[in-house]
Amino acid sequence: MRGSTRGSGWASGGLGRLTAVALLDVRDLKTQFRTDDGIVGAVDGVSFSVEKGKTLAIVGESGCGKSVTCLTIMGLNPRAKTVSTGEAVFKGRNLLELPPSELRTVRGSEISMIFQDPMTSLNPVHSIGKQLREAVQLHAETTKAAASKRALEMLKAVGIPRAETRLEDYPHQFSGGMRQRVMIAMALINNPDLLIADEPTTALDVTTQAQILKLMNDLQRDFGSAIILITHDLGVVAETADEVLVMYAAKPAEQGTYSDVFYHAHHPYTWGLMRSLPRLATQGQELKPIAGSPPSLLRPPPGCRFHLRCPYAMEVCRTTEPEFASVEGSDLHRAACHLDEATKKREAETLVAETMASTG
Amino acid sequence: MVRYVIRRLLWAVVLFIAVTLVTYIIFFLIPVDPARLAAGKSATPAEVKAVAHRLYLDRPIYQQYLHFLGQLVLHGSLGYSFNDRQSVNSSIFAAAPVTISLVLGGAVVWMLIAIPVGILSALRPRSILDRCAMVGVLGGISAHPVWIGLVASYIFGYRLGVLPIQGYCNLRGAAAGQICGGPIDWFTHMLMPWIVFAVLYSAFYVRMIRANVMETLNEDYVRTARAKGAPESLVLRRHVLRNAMLPVVTMLGMDIAIALGGAVLIETVFGLPGLGYLAIQSVQQFDLPKIIGVTVFASVMVILFNLLVDLLYAWIDPRIRLG
Numbered sequence: 003m004r005g006s007t008r009g010s011g012w013a014s015g016g017l018g019r020l021t022a023v024a025l026l027d028v029r030d031l032k033t034q035f036r037t038d039d040g041i042v043g044a045v046d047g048v049s050f051s052v053e054k055g056k057t058l059a060i061v062g063e064s065g066c067g068k069s070v071t072c073l074t075i076m077g078l079n080p081r082a083k084t085v086s087t088g089e090a091v092f093k094g095r096n097l098l099e100l101p102p103s104e105l106r107t108v109r110g111s112e113i114s115m116i117f118q119d120p121m122t123s124l125n126p127v128h129s130i131g132k133q134l135r136e137a138v139q140l141h142a143e144t145t146k147a148a149a150s151k152r153a154l155e156m157l158k159a160v161g162i163p164r165a166e167t168r169l170e171d172y173p174h175q176f177s178g179g180m181r182q183r184v185m186i187a188m189a190l191i192n193n194p195d196l197l198i199a200d201e202p203t204t205a206l207d208v209t210t211q212a213q214i215l216k217l218m219n220d221l222q223r224d225f226g227s228a229i230i231l232i233t234h235d236l237g238v239v240a241e242t243a244d245e246v247l248v249m250y251a252a253k254p255a256e257q258g259t260y261s262d263v264f265y266h267a268h269h270p271y272t273w274g275l276m277r278s279l280p281r282l283a284t285q286g287q288e289l290k291p292i293a294g295s296p297p298s299l300l301r302p303p304p305g306c307r308f309h310l311r312c313p314y315a316m317e318v319c320r321t322t323e324p325e326f327a328s329v330e331g332s333d334l335h336r337a338a339c340h341l342d343e344a345t346k347k348r349e350a351e352t353l354v355a356e357t358m359a360s361t362g
Numbered sequence: 002m003v004r005y006v007i008r009r010l011l012w013a014v015v016l017f018i019a020v021t022l023v024t025y026i027i028f029f030l031i032p033v034d035p036a037r038l039a040a041g042k043s044a045t046p047a048e049v050k051a052v053a054h055r056l057y058l059d060r061p062i063y064q065q066y067l068h069f070l071g072q073l074v075l076h077g078s079l080g081y082s083f084n085d086r087q088s089v090n091s092s093i094f095a096a097a098p099v100t101i102s103l104v105l106g107g108a109v110v111w112m113l114i115a116i117p118v119g120i121l122s123a124l125r126p127r128s129i130l131d132r133c134a135m136v137g138v139l140g141g142i143s144a145h146p147v148w149i150g151l152v153a154s155y156i157f158g159y160r161l162g163v164l165p166i167q168g169y170c171n172l173r174g175a176a177a178g179q180i181c182g183g184p185i186d187w188f189t190h191m192l193m194p195w196i197v198f199a200v201l202y203s204a205f206y207v208r209m210i211r212a213n214v215m216e217t218l219n220e221d222y223v224r225t226a227r228a229k230g231a232p233e234s235l236v237l238r239r240h241v242l243r244n245a246m247l248p249v250v251t252m253l254g255m256d257i258a259i260a261l262g263g264a265v266l267i268e269t270v271f272g273l274p275g276l277g278y279l280a281i282q283s284v285q286q287f288d289l290p291k292i293i294g295v296t297v298f299a300s301v302m303v304i305l306f307n308l309l310v311d312l313l314y315a316w317i318d319p320r321i322r323l324g
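Chains A and B, in that order, are what the protein sequence lines are.
Convert by adding 2 to the 1-based position in the first sequence; the result is the number in my numbering.
Convert by adding 1 to the 1-based position in the second sequence; the result is the number in my numbering.
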């Protein structure tokens with residue numbers, strides 16, 4: 003998927019952005035949860051846009067707000083406990099302001115979502131045929147037979163062997179990888195314009211991961227859907243993403259095209275993520291995890307949220323929050339860091355050199 | 002499936018023998034001579050001996066037990082009462098409809114209360130309804146059924162006089178020597194026992210259903226259903242309730258089975274001549290055949306309902322395969 007689309011797509015990406023309207027345009031999204039302990043700012047000022055046929059990867063550690071961002075777009079947060087502001091304009095409509103009944107018609111037909119754990123994401127008491135048919139019949143007046151036909155088509159498309167015989171089987175009769183294929187079939191059954199995949203491969207073993215990623219790429223090529231891929235695995239990002247958003251503690255840390263983030267990373271957190279990525283060629287060398295753990299979103303630290311774990315932290319980082327500013331020389335590239343431009347460039351180059359050296 | 006049922010029934014036979022044997026042994030541990038009681042206060046030792054011989058009480062326990070088993074298997078007879086010489090079968094058959102009416106009717110009442118209240122509480126946790134329901138649950142679990150029964154009798158039976166205080170009426174119509182009968186009398190006489198019986202159980206079931214529904218609402222597949230665009234009512238009906246009701250089915254089967262063995266307290270309070278009442282009476286009179294009769298009936302019910310629950314469970318939950 004990437005090979006051809008990225009080259010041409012992103013060369014014109016900046017210009018295209020000015021003329022064409024993005025499929026989904028998220029502006030300054032904020033989501034807060036009311037909890038017994040106080041208000042948790044789970045997402046704090048995230049902006050991005052996704053175009054047709056493109057993949058945006060949202061990267062970050064657990065609890066950084068990746069999933070909540072997407073659940074907010076889908077309107078799947080617990081209604082009574084959530085306050086969301088900003089906008090998420092999808093095909094001209096702000097999803098955050100749609101009444102629940104209208105948002106429901108968008109979910110599953112125009113935007114659909116697949117989840118992290120295929121073992122628990124299918125209802126154990128209904129056959130997969132019934133669950134797939136349900137997805138069709140919720141959005142279209144069709145007969146059961148027509149819905150079954152569509153379900154079978156999709157099962158074949160996602161590569162379930164002997165799909166004809168498996169329609170009336172129950173989820174527990176499938177392996178994890180096969181269940182994730184069923185989830186993908188269910189998500190794509192109504193030809194959605196946007197597919198949100200929340201860590202779709204995290205619960206699967208490595209060979210199955212590769213198959214599922216390839217499947218998603220193939221289906222994206224065939225159906226032309228846009229994808230938002232949530233992951234903490236930069237390896238997955240490298241294989242699929244056109245654009246990357248790195249989140250840290252509910253805020254965007256760095257954002258840009260694939261090459262911006264991978265070859266010209268401007269944020270110490272992104273560097274940390276890259277250095278903690280295992281590679282076959284670095285056998286024998288120790289992985290360098292990012293020390294410490296993410297801060298509590300109940301009481302986030304002052305200044306830059308990353309300063310407690312940042313090896314480059316300066317005095318200013320402890321007091322002043324860095325602006326999420328554009329990086330010179332790129333339309334999309336933005337990063338939130340106080341470090342001077344020269345240091346960032348030098349570190350980014352060192353990182354690339356390290357990567358090159360280790361992968362040969 | 003057939004093999005499963007056969008295996009279960011074989012186990013039922015083992016269980017049956019164990020239960021009746023234990024009942025026999027316990028009975029003979031009590032330092033009382035049942036023959037003397039049966040023969041009456043003024044009986045001579047010779048008469049007592051004759052009675053003991055007629056009632057098989059002069060044989061060793063194992064012979065008595067085998068005699069009982071033989072009678073049951075060959076003639077389907079539970080024997081004859083030591084006291085009134087009535088066939089135990091007829092006593093059981095007279096008492097069973099009373100207890101069955103009480104328990105099944107009570108189960109309907111408590112489920113009619115528990116299902117809607119439990120679900121609504123789960124959907125709106127901490128709402129006024131939920132808080133009221135939880136207070137009610139606490140009250141229902143804490144208050145003793147005898148106390149509730151007496152208070153209800155006093156208020157509705159004595160003070161307001163809207164419901165009969167005591168007694169049972171045949172559903173089919175008045176039997177010989179009875180003053181009431183027919184569906185209407187049956188219903189009015191059972192209404193108060195049902196409600197009192199249901200208070201305790203509905204409290205348990207409200208709490209259980211509420212917890213199950215809340216837990217199921219957090220399941221990933223419920224989120225999947227919402228992500229598919231299913232409206233909330235459909236999510237609840239198709240994806241939450243069926244899963245949340247699985248443990249409820251098991252509990253309901255067990256509770257009904259156990260209560261069928263005799264809802265002693267409620268039967269005593271409302272003067273219902275059911276199995277619990279029969280059991281108490283026969284224990285007080287050291288009437289072994291009747292005690293065994295009630296025990297047999299109760300254990301058959303437990304076995305039957307367990308089997309029923311298992312089959313029902315396999316039907317609701319495709320993950321369970323009986324084999």
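These are calculated hints, taken from the structure and not from any lab test.
Model, not experiment: these values are computed from the prediction.
Built from N, CA and C at the ideal position, the CB exists for glycine as well.
One or more hints might be untrue.
As the list claims (entries may be wrong) - Calculated Cβ distances over 10 angstroms to all of chain A for the following chain B residues:
# : residue
1 : 220
2 : 235
3 : 284
4 : 317
5 : 318
What the hints assert, rightly or not - If the Cβ cut is set under 8 angstroms, some of the chain A residues that face chain B in the computed set are:
#  : residue
6  : 32
7  : 76
8  : 110
9  : 117
10 : 119
11 : 122
12 : 127
13 : 131
14 : 137
15 : 356
16 : 358
Unchecked claim - Estimated spans, in silico, between C-beta atoms of each pair:
#  : chain 1 : residue 1 : chain 2 : residue 2 : range
17 : A       : 171       : B       : 101       : 48 to 58 angstroms
18 : B       : 216       : A       : 100       : 39 to 49 angstroms
19 : A       : 294       : B       : 255       : 23 to 33 angstroms
20 : A       : 146       : B       : 163       : 29 to 39 angstroms
### Query
Any of the earlier hints contradicted here, and which numbers?
Hints 1, 2, 4, 5, 6, 13, 15, 16, 17, 18, 19, 20 contradicted; others consistent.
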